[in-house]
Amino acid sequence: MSIKPKNSLLQVNNLKKYYPVYTGMFLKKKIGDVRAVDGISFEILNGETLGLVGESGCGKTTCGRSILQLDPPTSGSVIFQGKDITQLRKQELRAIRKKIQVIFQDPFGSLNPRMTARNIIGELLIIHGMTDNKTEYHEQTDHLFMSVGLDPAMADRYPHEFSGGQRQRIGIARALSVKPELIVCDEPVSALDVSIQAQIINLLQDLQERFQLTYLFIAHDLAVVRHLSDRVAVMYLGNIVEIADRAELYINPLHPYTKALFSAVPIPDPEIERTREHLLIFGEVGSPFHPPAGCKFHPRCPFAKSVCREEPPFPGKTIDDNHWVACHLIQ
Amino acid sequence: MKLNPLTHKKIRRFQSIRRGYYSLVIFIIMIGISLFAELLINNRALIVYYKGEYYFPTYGQMIPGKIFGLDYEYETNYRELQKQFQAKNSDNWVAMPIVPYGKLETDLKEDRYPPFPPSFQEAHYLGTDNVGRDIVARLVYGFRIAIFFSLILLLANYSIGISIGIVMGYWGGKFDLFFQRIIEIWSNVPFLYVIIIISSIVVPNFMMLILIMAFFGWINMTWTMRTVTYKEKEREYILAAKSLGASNFRILFKHLLPNTVAVIVTYAPFSVSGGIVALTSLDYLGFGLPPPTPSWGELIQQGWANMNAWWISISVIVSMLITLIVVTFIGEAVREAFDPKLHTTYE
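Protein chains in written order, with this note's numbering: chain A, 1 to 331; chain B, 1001 to 1347.
Just so you know, not all the hints are guaranteed correct.
Think about it this way: if two alpha-carbon atoms lie no more than 25 Å apart in a straight line, the pair counts; the simulated PhoX-like pairs of lysine-lysine are [claimed, not checked]:
| hint | chain 1 | residue 1 | chain 2 | residue 2 |
| --- | --- | --- | --- | --- |
| 1 | A | 179 | B | 1254 |
| 2 | A | 99 | B | 1009 |
| 3 | B | 1242 | A | 16 |
| 4 | B | 1174 | A | 98 |
| 5 | B | 1083 | A | 90 |
| 6 | B | 1231 | B | 1174 |
By construction, these hints were calculated from the structure, which means they are not laboratory data.
What you are looking at is a predicted structure, and each value in this text was computed from that prediction instead of being measured.
Whenever a hint applies, use it, and build me the whole structure from the sequences.
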């Protein structure tokens, strides 16, 4: 999809986000951590879309927020264009914020109900001092409105006067307003109707081509991720278990969790659905507060061996150039 | 100014609650009357026509009696002047306000002791208090002081309470914890004793009394704002603003504050009535504004001391009742109009 040469835009190295848990009223004693993100590493290339999938509570959103520095990571580094952004001072961080933007999941909560759509999408321009002229401001916001397929005549309305899909377009326009290079899409379509989902996904694709954007696309809908991503990373309980090219991953998933995840998606053809192999897993997702030792997936894994219970499967194995998996069973 | 359509809806809803809407109209009229009380209740004349010249003594410097051909240098007694002019049947005339008595003026009779009962003939429509001051004048000027007292107090309480509360909620953590403890200690300081101690050392004036009251009054709003901010700051638009690189200042004032306005507005009328009651009770106890400032609390105290002068207690109690009912009705209507169940921002 991308035209640009494939060099790395964002590198995440051993990123960890722990939330400490305290007990006691006065003498607070730390009793442990909730390991929301427990050491993940990946890379996003210029102009590509990396899909990040996993079930609820596996740390996808936390991972996105840690990259954005909204939730400063506990350890690890986030290298954006060759610069570690976890250690930046406030002013430097503000400059980076222009380059990394975010689209939120909930189009109802992510827009300030007391501001007009124009001021919502224009806020960035004001914050970063990119315009000080009123007509210019109007022109730019009108232009942003048009680029996400909204009528600029509606710009002075308030969020509650828009539909869910329109609001999500406003959210996208806001992210676009500073001409970012990377956009973290935090489940941008999961709160929308299916018909609207398709529109928004197409819009995101159009915009990617027009503005040479790079996406980190966080979702739990495998079909959406398949449609949009160049590469896909699968997360389980704070770890990435498998990263591969989209085609490779969907045809040849290696990790038992990935297999189970894909076989849980029904295929809209009863013939195939009946005859294909289903990999069922049992039990509940482990607790990020007391994660299982060894491979975190082992209590649910039908193929678990003794090594899985004792040793974490890291640093994983690279199968070929574009396929990486963290599993003891894969040779 | 373009109002947010939601705000518009709230205002319309407020107007549709008849009881609250008319209470607001009455309340505004009451404040309006008290603001221009000098034109309605005053011992200075509205207009004096004397030897082909017009005088407007209501506002401005006092006019000595000599100007009108009287034999004294101090301020003209316009009621006497009016009687004189009428007796002489001259071209000169005096137009007096409806109630021709001042707020501090004592109207004494040679043959009787005050308090005097209501009398239309003497224009003491509600009688006088026990030193001969007109009760209407005392009520209206007292209302003016009480209402401005509570409005300024509200402003002081809310600006302190809102800023501390919003910061507590926004930053949370140690700052929040520290101020929570401070407030807990603070709210246990016995307010009345402090007032008694202070007013036994100095006689508190208007601003000082507000200062003392605000010293203890900001706490409630702080709790409320803290809670509201905690709730509001978790919503995604705040996160969005952060990811845009908005400064804390901008997030606080541009995003958080406008979204907590509903709470602030809902509390305001009840704080106003609270302020009136507080000042009245302090005056009643004698720790409020020093005499002879017109005050309802002092009138209640007089009514209590002179039970047989029924007009004192009845007029002040009725005025108090009307004021508090009106303010409470406004408050109820505002609360109902801002009820989030009626127009939620979620769908």
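Hint check:
Restraint check for residue 179 (chain A) and residue 1254 (chain B): the C-alpha separation of about 23 Å stays at or below 25 Å, so the hint holds. A hinted pair counts as satisfied when its Cα atoms are at most 25 Å apart, and residue 99 (chain A) with residue 1009 (chain B) does not qualify at roughly 39 Å. Restraint check for residue 1242 (chain B) and residue 16 (chain A): satisfied, since their Cα atoms lie roughly 21 Å apart, inside the 25 Å limit. For the given pair, residue 1174 (chain B) sits about 31 Å from residue 98 (chain A) by alpha-carbon distance, which is inconsistent with the 25 Å threshold.
With a C-alpha separation of about 79 Å, the suggested pairing of residue 1083 (chain B) with residue 90 (chain A) is violated against the 25 Å cut-off. A C-alpha spacing of about 18 Å is found between residue 1231 (chain B) and residue 1174 (chain B), which places the hinted pair at or below 25 Å, so the restraint holds.
Consistency note: the structure conflicts with the earlier hints numbered 2, 4 and 5.
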